[in-house]
Amino acid sequence: MRHLRKKLLPALLVALALSALGFAATAGAQRRRGGGADVATTDANAGVNVYAITNARIVTVSGATIERGTVVIRDGLIAAVGANVAAPPDARPIDGTGLTVYPGLIDASSTLGIPRPTPSPGAAGAAGGFAGLFGQSAPSATSPNSTQLPGLQPEILASDILRPGGPEIEAARNAGITSAQTVPRGNVFLGQSAVINLAGDSPQAMIVRSPVALYIGLNPIGGGQYPGSLMGVFSSVRQMLLDARRYREANEIYEHNPRGLRRPEQDKSLAALLPVLDRRMPVVMQADREREIERALDLAQEFNLQMIINGGQESDRVAARLKALNVPVLLSLNFPRRTAAASSEADPEPLRVLRERVEAQKTAGRLAAAGVRFAFQSGGMTTMSDFLANAARAVEGGLARDEAVRALTLRPAEILGVSNQLGSIEVGKIANLTVTRGDLLARDRRITQVFIDGRQIELRPAATSTGGANASGTWSLTINLAGSGNEKQEFGVTLTLQQQGERLSGSLQGQLGSGTIANGTISGGDVNFTVPITLTAPASQTTDAIFSGTVAGGEMRGTVQIVGRGSGSFVGTRAGAQPPPTGTTPQGGTTTPAGGQPPAGTRPQPAGAATSLSGTWALTSSFGGQQITSTLTLEQQGDRLSGRVESRFGTGEITDGSVTGNTFRFSTNATFGGQTISLTYEGTVSGNQMSGNVTTPRGSIPFSGTRNP
Amino acid sequence: MKRLLTLAFLLTLACAVASAQTRGGQARAGGAAQDTLIRNATVLTASHGALPATDVLIRNGKIVAVGQNLKAPEGARVVDATGKFVSPGIIDPHSHSMMDGSVNECTKSVTSMANTRDILNPTAIDIYRELAGGTTAALLLHGSCNSIGGQSTTVKLKWGHPAADYPVPGAPPGIKFALGENPKRSNFNVPGLQGRYPATRMGVEETIRDAFMRARDYRADWDDYRARTARGEKNLIPPRRDLELEPLVEVLEGKRYVHSHCYRADEILMLMNLADEFGFKIRTLQHVLEGYKVASEIAKHGAMGSTFTDFWGYKLEAYDAIPYNAAIMTRHGIVTTVNSDSDERARRLNIEAAKTMRYGGLTEEEALRLVTLNPAIQLGIDNRTGSIDVGKDADIVVWSAHPLSVYSHPELTFVDGELLFDRQADIARRPALEAERKQLEQAEANRAPAQGGTPPRAPGAIRRAYADDDDKQDVEDNQR
Chain G
1 MRHLRKKLLP ALLVALALSA LGFAATAGAQ RRRGGGADVA TTDANAGVNV YAITNARIVT
61 VSGATIERGT VVIRDGLIAA VGANVAAPPD ARPIDGTGLT VYPGLIDASS TLGIPRPTPS
121 PGAAGAAGGF AGLFGQSAPS ATSPNSTQLP GLQPEILASD ILRPGGPEIE AARNAGITSA
181 QTVPRGNVFL GQSAVINLAG DSPQAMIVRS PVALYIGLNP IGGGQYPGSL MGVFSSVRQM
241 LLDARRYREA NEIYEHNPRG LRRPEQDKSL AALLPVLDRR MPVVMQADRE REIERALDLA
301 QEFNLQMIIN GGQESDRVAA RLKALNVPVL LSLNFPRRTA AASSEADPEP LRVLRERVEA
361 QKTAGRLAAA GVRFAFQSGG MTTMSDFLAN AARAVEGGLA RDEAVRALTL RPAEILGVSN
421 QLGSIEVGKI ANLTVTRGDL LARDRRITQV FIDGRQIELR PAATSTGGAN ASGTWSLTIN
481 LAGSGNEKQE FGVTLTLQQQ GERLSGSLQG QLGSGTIANG TISGGDVNFT VPITLTAPAS
541 QTTDAIFSGT VAGGEMRGTV QIVGRGSGSF VGTRAGAQPP PTGTTPQGGT TTPAGGQPPA
601 GTRPQPAGAA TSLSGTWALT SSFGGQQITS TLTLEQQGDR LSGRVESRFG TGEITDGSVT
661 GNTFRFSTNA TFGGQTISLT YEGTVSGNQM SGNVTTPRGS IPFSGTRNP
Chain D
1 MKRLLTLAFL LTLACAVASA QTRGGQARAG GAAQDTLIRN ATVLTASHGA LPATDVLIRN
61 GKIVAVGQNL KAPEGARVVD ATGKFVSPGI IDPHSHSMMD GSVNECTKSV TSMANTRDIL
121 NPTAIDIYRE LAGGTTAALL LHGSCNSIGG QSTTVKLKWG HPAADYPVPG APPGIKFALG
181 ENPKRSNFNV PGLQGRYPAT RMGVEETIRD AFMRARDYRA DWDDYRARTA RGEKNLIPPR
241 RDLELEPLVE VLEGKRYVHS HCYRADEILM LMNLADEFGF KIRTLQHVLE GYKVASEIAK
301 HGAMGSTFTD FWGYKLEAYD AIPYNAAIMT RHGIVTTVNS DSDERARRLN IEAAKTMRYG
361 GLTEEEALRL VTLNPAIQLG IDNRTGSIDV GKDADIVVWS AHPLSVYSHP ELTFVDGELL
421 FDRQADIARR PALEAERKQL EQAEANRAPA QGGTPPRAPG AIRRAYADDD DKQDVEDNQR
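Residue numbers (the numbering used here), protein chains in the order written: chain G, 1 to 709; chain D, 1 to 480.
These are calculated hints, taken from the structure and not from any lab test. Nothing here was measured: the structure is a model prediction, and the numbers come from that model. Treat each hint with caution, since some may be false.
Selected chain G positions facing chain D (Cβ under 7 Å, derived; list incomplete) [to be verified]: (1) Leu230; (2) Ala250; (3) Asn251; (4) Leu274; (5) Phe303; (6) Ile654.
Label pairs and their computed distance ranges (CB to CB) [unchecked claim]: (7) Ile427/D to Ala64/G: 23 to 31 Å; (8) Lys323/G to Arg241/D: 27 to 35 Å; (9) Asn326/G to Asp210/D: 41 to 49 Å; (10) Gln442/D to Gln301/G: 39 to 47 Å; (11) Gly510/G to Arg209/D: 30 to 38 Å; (12) Ala575/G to Pro162/D: 39 to 47 Å; (13) Gly417/G to Ile427/D: 25 to 33 Å.
Ideal placement from N, C-alpha and C gives every residue a C-beta, glycine not left out.
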């Protein structure tokens, strides 16, 4: 048996290598087809549903670690595990010599598979009009016929809006994560979460359990709608829970005897809160600071809720109370760290901030010592390789190694009520496995295989997952921000980006000061980076701006979160021509000369020839909570533009119209509520599409348009 | 030798404080309340004059004796205050300190459901700075964005304690009202953008009247339900609990104090008339810069006044002000205070009070009362604080000189007998903090990822000079 294996091994490796080549090509072809389905599992493995990983170290988590043993996977489940288990003859064998098999890692709180609200002009209207532009992040879904505003709808189900595939899920799998709790994005009542497996061609196939927990966030919904402050968030949560109690009571009375009673109005938002009031469903509240956790626990005690703390950066300071109330923590591994260099004349950072960064990695060890149950979660990190790296830092910070592994596997499964299905290597559980060379929490660890639902997942090299998009170059960005004040809220900046693989570096310069980009990533055309900016109103303040957007050809757009200030949007165009796709990264961030590859999907323009904007354009933008359509008639002569804008606010003649290359600007007037205001349009044109921003006395709103045929 | 011992003591203290800080992120300067004897001070009682060469004994957080030649109990801290002054802790009757997020829930004209208690931030550095200015208690108010704002919280500045320790037990609840330019949004209008109702002083009055009519109906609904239940009627669905109207019912029943932001004489009269119509009293008029014009009417209604000494002109309705306002109201029998409405001014309210001796000729004790006993009366906590009297909470400041002098500064500030500010200890621990900073900056998490400079970070929580409590943006603690 033993010598047979020795002979078989080289042949097996060759076979594996060949099949790897084969499926890489096929998978690439499938990606190019651009279908919505998740194509993670390989063609070479298609149809294979029995695996045997032999000679591996097996960390079962639930029981003792098996130093040398076999795991058999059959039909998506773990069929056998042990030191003396023989590989069945029909199994595809995987030699696990030198490998360690762990239960698949679980991200205990994420937004994986939940679509981002599109930062298109239309979305601003949905978020509450003009001010919605400047408000908090828009919910990822809205519930029809709800009694509540978007952002306050507990009936939203993650399982209803889940989408398979996508670069975030792939990045998580590459980091060894096989399952996650995922939750809709929103403001106050985010909706109900689901536990999903990170593979599957349909949402239905991904869901392990739904609904799992109700999420309560602390983000005012903005747009002039109540609640517009943290105070209001608490009072609105309290009122809705009281209303739900009464809803339950009224319905019970009515069902008992409807005679002589007006029937209670049906209300699905309140109905969605009943499992929470009955303690049949836990509530997850975002709370990092000691005082935030205390507030969450106060609320839990006020309404007798089964609470779970999400984030928990300072949860060790509340450990005694968490333990007494048996409240678990979903502890973020997105540890705070310095994201920008400070110049010599900068004020020193507060000592508190310095301490927090150092203390963050010690929280987990202290929670374990205090006997508080906790599981790790990704905390919205943009670089998923930080997930295990920071878990290792928690071990350096005093957490026992096996406790760390448990917090990545069985503990989240227990907290989320899926420990019969996930979290350990036991016969009958779902075959989610993460296989590593080297210890999971060692710096030199490499994830070699990932199995989800018993199927082997292709782990793609990072460089190929950017989908061909290349963000390198110099970009002109327009950033729109605002708070409650009347300050000017549109800022022009120049962004210089250099892309290497999935990493982005570079700098930002312009009206928001200058800063160097930190933790920049690009994945599948999605760009994320953080850069320090300086706001001047209402007070001069330097803070981090977190950009999150997409690159398509020469255009970049997305949302920007200003730390401590709320969010806004940005849109930008790349100066010069498009650099070649990924693979050949231009040095030094300079753009390639004109004549490079034209971006896919845009009409090639002859170099130096100005686009003609003449024609009739249908424009859409969003103002005061309403979607506004207008008709733009343009006449271009040389670099001069004339024409008019017609909308229900009247017809305004265009003044000061000019065209430079593919950018244009003009001014016009419109009448709002009896007052005439001046509007300045600035934008770019690409073929029959245009987009840009309208500057109004209050701020700036984006618009987009198409040329009528 | 004595000097050497003192130095050793200070160093030990500094180390202890520094290590306590490592986890807490803030100093808990005195630990639990230790018994203290303050010896031989000039005691400004604020209730019964100044007592020369007097001792004050603090036990279990209370003032247990005020007199001469008191004996220190075993283990008590003894403070030699020879040549120094002792006053009650200063109480700031209009503060927006230690609040997370916006101080305004601005989306509606009536936001009585909002509660400042929900957003207390016990780590706000302003608390410590205010203790360093001798302030030991404050009324935390909602902003003035709307006619009826949120619920207030009366706190002691218990620096180093969790938020739950801040509210003063038994303090009557309060609520913020606002009149004039802020609730009608006259300085916040944007052409082309729909404003929030109301837009006039008429509208402000209407929103308040409407709210109280709704509150009356609400109370009647519940009274009716309770009566029917008491009669034995079955199968009744109870009325909805309404967090907006419940505090207003409490106002109607005299259980909740109204603290109303106001400027002009006409709107002050309007509010008092409206309160008379509904049968409740306005507890305090805040700002009340034209209070001197209608002082008799204010006294007749029974309202109290809380004003600035010499801060005005920052908007149209704040033009017609005089520095004699506090004195004139005092002379009309109105319980008057001066307040900060500012994290900065809250550190020097003793100086604000002193100005009324120059402008209006208040006596020393009358001036001191403006920031001690009178605010305690306004907040309904004068049974436990606001003066140096046996039986009251040991909220006490030891000053280097007379607190109504610009040359004085607090040396020790006690809250409930706990030493929460100690100027010498603060100075002594600075080298240790500096050393800790150096060490922390070496840590991986604090190292900058790349080269490149950012502009100097400006201090957070800057307030524009022309604004009152409407527009504070607390950026400091939202840094992430």
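So, going through the hints one by one against the coordinates:
1. Restraint check, Leu230/G versus chain D: the minimum CB separation of about 3 Å is within 7 Å; hint holds.
2. Because the beta carbon of Ala250/G sits about 5 Å from the nearest beta carbon in chain D, less than 7 Å, this interface hint is met.
3. Violation of the interface hint for Asn251/G is found here, the shortest Cβ-Cβ separation to chain D being roughly 9 Å, above the 7 Å cut-off.
4. Among the interface hints, the one on Leu274/G is violated; its C-beta lies about 16 Å from the nearest C-beta in chain D, farther than the 7 Å criterion.
5. With a cut of 7 Å, the hint placing Phe303/G at the interface with chain D is violated, because the nearest CB-to-CB distance is about 13 Å.
6. A cut of 7 Å between beta carbons decides the hint on Ile654/G: the least distance to chain D is about 19 Å, and the hint is violated.
7. Checked against the hint of 23 to 31 Å, the pair Ile427/D and Ala64/G fails, with Cβ atoms roughly 58 Å apart.
8. Roughly 32 Å separates the CB atoms of Lys323/G and Arg241/D, a value that falls within the hinted 27 to 35 Å.
9. At about 46 Å, the CB distance of Asn326/G to Asp210/D agrees with the hint of 41 to 49 Å.
10. Separated by about 41 Å at the C-beta atoms, Gln442/D and Gln301/G satisfy the suggested range of 39 to 47 Å.
11. As the Cβ distance of Gly510/G to Arg209/D is approximately 51 Å, the hint placing it in 30 to 38 Å is violated.
12. Taken as a hint, the range 39 to 47 Å is violated for the pair Ala575/G and Pro162/D, whose Cβ atoms sit roughly 53 Å apart.
13. For Gly417/G paired with Ile427/D, a C-beta distance near 55 Å fails the hint of 25 to 33 Å.
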